[in-house]
Amino acid sequence: MSARMNDSLFGLIPAASDGRQWTAHSMQLVNWGGYHGHHEVRFSGGATLLSGASGSGKSTLLDAYIALMMSHTTPFNGASNGTTSGRARGREQRSVLSYARGKVDESREDGSTSSRDRVLRGDGVDTWSAISMTWTDQSGSALTALRAWYVPRDAQRNEECVVVRATADEVFDLRRLEDLAPGRFARPGLADAGLSLFDTDVAFATRLHAALGIGAAGDGHKAMQLLGRIQAGQAITTVDALYKAMVLEEPETLAVAQRAVEHFDELAAVREEMLTATRQVEVLRPMIGLRDQIDEAAASVALLDGLGAAGASTGGGPTPFTAWRDARRLALVRAEEATNRAAHRTAQERRAAAAARITTAEGELDEARAARTRQGGDAVEGAEREVRRAAERLEAVRTARASLDSPLDVLGRTVGSEPELARLQREGRAFVENRSERAASRESATFAARQHASDVGRRLAALEAEKESFSRRRGNVGAEDDAARCALAEAAGLAPAELPFVAELLEVRPAYEPWRDAIGTALGGFATVVLVDHARLDRFRSAIDSVDLRRRVRFEGAETGLPLADDADPATLPGRVEVKAGPFGGWLAERLDQRFDHVCVDDPGELSRHPRALTRTGQVSDGRRGAHGGGRRASVLGFSNAARLDTLTEEITAARTDLREAEAAAEEARHGDAAETDRVVAYTQCLAVAWEDVDVAGAEAALAERTSRRDALLAGSDVLQALQDDEERIRTRLTALYRERADAENQVQALAEQWAAITDLVDEVTDAVAQADDGPSVGTAEQTARLDAALDAVLAEPATSVAAFSAATHAVVRELERDREAAVESGRSARAALGALFERFCDTWPNPNLGTDPEASYADFLRVYEEIEHQQLYQLQERWSRTIGRLSGNDLTLLNSVMTRSVAEIRERMEPVNAILSTLPFRDDEHRLRITATVTEAADISSFRRALRDLAADPGEQTAAQRTRRFDRMARLIDRIRPDSPERRRLVDVRDHVRISAECVDLDGTHVSVYDHIAGKSGGESQELVAFIVGAALRYQLGDAGAARPRYAPVFLDEAFIKADARFAGRAVGAWRGLGFQLVIGAPLDKVGALEPHVDVVLQAVKDDRGRSRLVTLVGAPEPAPATALR
1 MSARMNDSLF GLIPAASDGR QWTAHSMQLV NWGGYHGHHE VRFSGGATLL
51 SGASGSGKST LLDAYIALMM SHTTPFNGAS NGTTSGRARG REQRSVLSYA
101 RGKVDESRED GSTSSRDRVL RGDGVDTWSA ISMTWTDQSG SALTALRAWY
151 VPRDAQRNEE CVVVRATADE VFDLRRLEDL APGRFARPGL ADAGLSLFDT
201 DVAFATRLHA ALGIGAAGDG HKAMQLLGRI QAGQAITTVD ALYKAMVLEE
251 PETLAVAQRA VEHFDELAAV REEMLTATRQ VEVLRPMIGL RDQIDEAAAS
301 VALLDGLGAA GASTGGGPTP FTAWRDARRL ALVRAEEATN RAAHRTAQER
351 RAAAAARITT AEGELDEARA ARTRQGGDAV EGAEREVRRA AERLEAVRTA
401 RASLDSPLDV LGRTVGSEPE LARLQREGRA FVENRSERAA SRESATFAAR
451 QHASDVGRRL AALEAEKESF SRRRGNVGAE DDAARCALAE AAGLAPAELP
501 FVAELLEVRP AYEPWRDAIG TALGGFATVV LVDHARLDRF RSAIDSVDLR
551 RRVRFEGAET GLPLADDADP ATLPGRVEVK AGPFGGWLAE RLDQRFDHVC
601 VDDPGELSRH PRALTRTGQV SDGRRGAHGG GRRASVLGFS NAARLDTLTE
651 EITAARTDLR EAEAAAEEAR HGDAAETDRV VAYTQCLAVA WEDVDVAGAE
701 AALAERTSRR DALLAGSDVL QALQDDEERI RTRLTALYRE RADAENQVQA
751 LAEQWAAITD LVDEVTDAVA QADDGPSVGT AEQTARLDAA LDAVLAEPAT
801 SVAAFSAATH AVVRELERDR EAAVESGRSA RAALGALFER FCDTWPNPNL
851 GTDPEASYAD FLRVYEEIEH QQLYQLQERW SRTIGRLSGN DLTLLNSVMT
901 RSVAEIRERM EPVNAILSTL PFRDDEHRLR ITATVTEAAD ISSFRRALRD
951 LAADPGEQTA AQRTRRFDRM ARLIDRIRPD SPERRRLVDV RDHVRISAEC
1001 VDLDGTHVSV YDHIAGKSGG ESQELVAFIV GAALRYQLGD AGAARPRYAP
1051 VFLDEAFIKA DARFAGRAVG AWRGLGFQLV IGAPLDKVGA LEPHVDVVLQ
1101 AVKDDRGRSR LVTLVGAPEP APATALR
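In my numbering, the protein residues as written are 1 to 1127.
Where hints are given, some of them may not hold.
Simulated restraints, written as ranges between beta carbons of each label pair [as the list claims (entries may be wrong)]:
hint	residue 1	residue 2	range
1	R995	D126	50 to 56 Å
2	L549	R995	56 to 62 Å
3	R863	T73	50 to 56 Å
4	S444	R472	39 to 45 Å
5	R175	R118	22 to 28 Å
6	E957	E825	48 to 54 Å
7	T73	L564	47 to 53 Å
8	D126	S897	54 to 60 Å
9	R474	T653	53 to 59 Å
Only pairs whose alpha carbons sit at most 27 Å apart, straight line, appear in this in silico DSS-like list of lysine-lysine [what the hints assert, rightly or not]:
hint	residue 1	residue 2
10	K1103	K467
11	K244	K103
12	K244	K222
Calculated from the structure, these hints are not laboratory results. By construction, the Cβ of each residue, glycine as well, lies at the ideal position given by its N, Cα and C atoms.
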């Protein structure tokens, strides 16, 4: 940097000034407001007073300066009309368009409520307007800046006009634009006229600021903003307000706070994306389990269908089921075959041993008979033969009777005569013939008994679970609803009692207990609505949104603390229930009166007599609508569930009794199968018996008669008697041997017959197994295991015979059919749930690329789920962590430091202003004016700064819950500094954190008096105070505080010094002029006398009857034309 510069409040300024100063020489107007055609205003180099009656055009001239020099955001007529509102230069205020057309008034169009502007020009035709100002310096150099507008007839906005921005290094006559206007100010013509053109307001202002020395280092716009505020001159009552409004600019803290808000909104958006992704993952997570359920169901159906059990009973080809069945049968029949052969060998051995002993015994008997014959025992021999035959007959009959007694014991019957046996055999024949039908019935009964026992067991478990749930709480609402309510309460950080069900707040009055079910039916789903304090409703909704509930819970926000009135009509539903006193009592009573004011009637014929009515059975009427039924469920109403617990205790006791009976019935059914088989065998044995073969009494009588005859013969000889006794002993032993041989023979024969049947069955089953082994029907290990499991399910103990196994296979088939139905239903329900899940996702987050078919769309949803869970959610969490760290680490830290620095800068910036004021006499030559600042940080600001510092500090490693709590704290803080927050300016605008005052000091700096409230001073004193404070600040804003005079001198003051008398007005004007400024003062006519002695030129604006304005010189003479003549 070639020239030495000093660092000042508003930029870099020359350390030494060349004393050059630009003053406003003249202003030209063409078609501006009431100034129709061309007008020129010459200014004095010292002070010029513009006066005039209200509406004469005085402020129009001052607004022309604003239009030329200020930003488009600076409103017109700021001082003379303090009631302006709306957007600066908008339709509600004065604007370039209204000035260019010369708006005079507004009039209402005939037959319309709309108004129309009355204008001096441009009514239905194009027009144009222009403003220029020429400045000169001590050397005679001149600079002219101008703006011109070509206004089409239908233009409604400034943007629809052709705008010219230009400068000339000479005095330029605006009348030269007259010839260029018809061409809409074509650029070549303007250039030929010697004008330098600028396309933007920024480029135009930059040129003027650089040429006229306004500001330093490109900060001319700040100086112009202060000039605009000075010109507006609104009434200010305190030094604090004056300094902040006129001198201090908007601090950097507002922009930093806005960036923090924007970054936080970005953080909130990331968090919302993250929460949305989390909710989407929670919604979609069950889809994998449902898909597995569908696949498992399909696999189960395929497995069961592949077994081929359904058609096994109707023949057909071999299947895995028949292969498994035949393999099991073959194993059982092989085992029976081996058992039969072993038993057959044993029976043969017994028969052979008995035959050998019989041969020996028969020899002994022959010898005994021979000895008896030699002793003359022929007659006795004959009698003995008769006795033997009778004894053998009796033994055979007893054996047959013993064989009959066993099946009779099974049947629980006795047979004492031939007719009784015939009757038993008729029953047995019928029983055996109907055995197949009874077998099917028994199997069904056995299955039904087992199923009933299972159902009773489940019902008992449900009752016990329900009782356990009710024992932990006081309400009567179901366990699933209560569990869902508790989950929501936990997520929201509330106690379940703070989220009551409506039913828990209602109790049927004792006098109307018979109406309990009807009232519960009428209330319907409203009874299970959860009530939430309406003040917590938004937070509650946010807290529970991620909770995954299988049970849908309805809730409603309710006002708390409303008075509870107990004046409902007992003839209506609200009058027959008692509302529990508490936070929600008043609201609930009102809601019952509004929605459930049913009249309770005993006769359904009375329903139509009332707008709403209710019968004891639960039928409701609502005008022409009605409803009935659904009242068999347990009532959920009541403050206490003691009655419900008593009922459950009784039901559990009854259910336990039912379970014992059901289990006994199932056990009896299982034993009934074996008893049935025993009865069939018993009846079959009875059918094979003739009465004479089992008539023991008859055989005993025959034996007794023959024995008596023999004994008579033996009574005459002792030798014969002895021989007879020997023979009798041998015969007894021989009889036992005969019996033993017969039993063995019978067993051999039975086993042989059984062997023949077994052999046939072995051949049959072996062929079936061989056929299965040769074909594709051999079951897999999975199929075999499935069939084994089904067999174990239907058998209490393993089958050891082919007959038992054959009976069990029928039950296996039915079990497999039921399993298939269950698998089909499981797949269907899972498919429906998956479709509902997809629909819920699409309803919540519409996506035209996603369908809802559970089969066709599953892959798309799985891709979405995996992308969210494994990629997007992770990325969002990373962004969330980075953004929250950046916000706290950068934005909040910067905001905290900028607030601290900005407060210090306010004080620092006062130093150069006070340096200027120290050179200017205030009140007299012995006193000076000094600006002071006092920090006034209130409690709310201190707490805000403290929270800001806490959040700006590095939190270190945090859990997700800690980050969420930190985010919530940050959200509360950011909400306080949002643009729409009423606290924003107070908290962030550090100008409000200090109190500005002025004090009068002597030459030694000793305090003399303080100036705080401007309104407490006289009009002149206040104007002088304003001039000193604002003038000194302006010198620094213009960037040449160290020069003898400001480089840019013009200061326009609208409605200035209106409360000052001549003496104080002179002091105020003197202050401005002492600071080296050129004044252009706008004041009403009644202040001309006070200001005239202190100005060089007095101009008055006047307006004629046509609404056209012009200027008249009252005092002084205009400045002579500069050396460069008008061109």
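Unmet hints by their number, sorted upward, for this structure:
7, 9, 10 and 11
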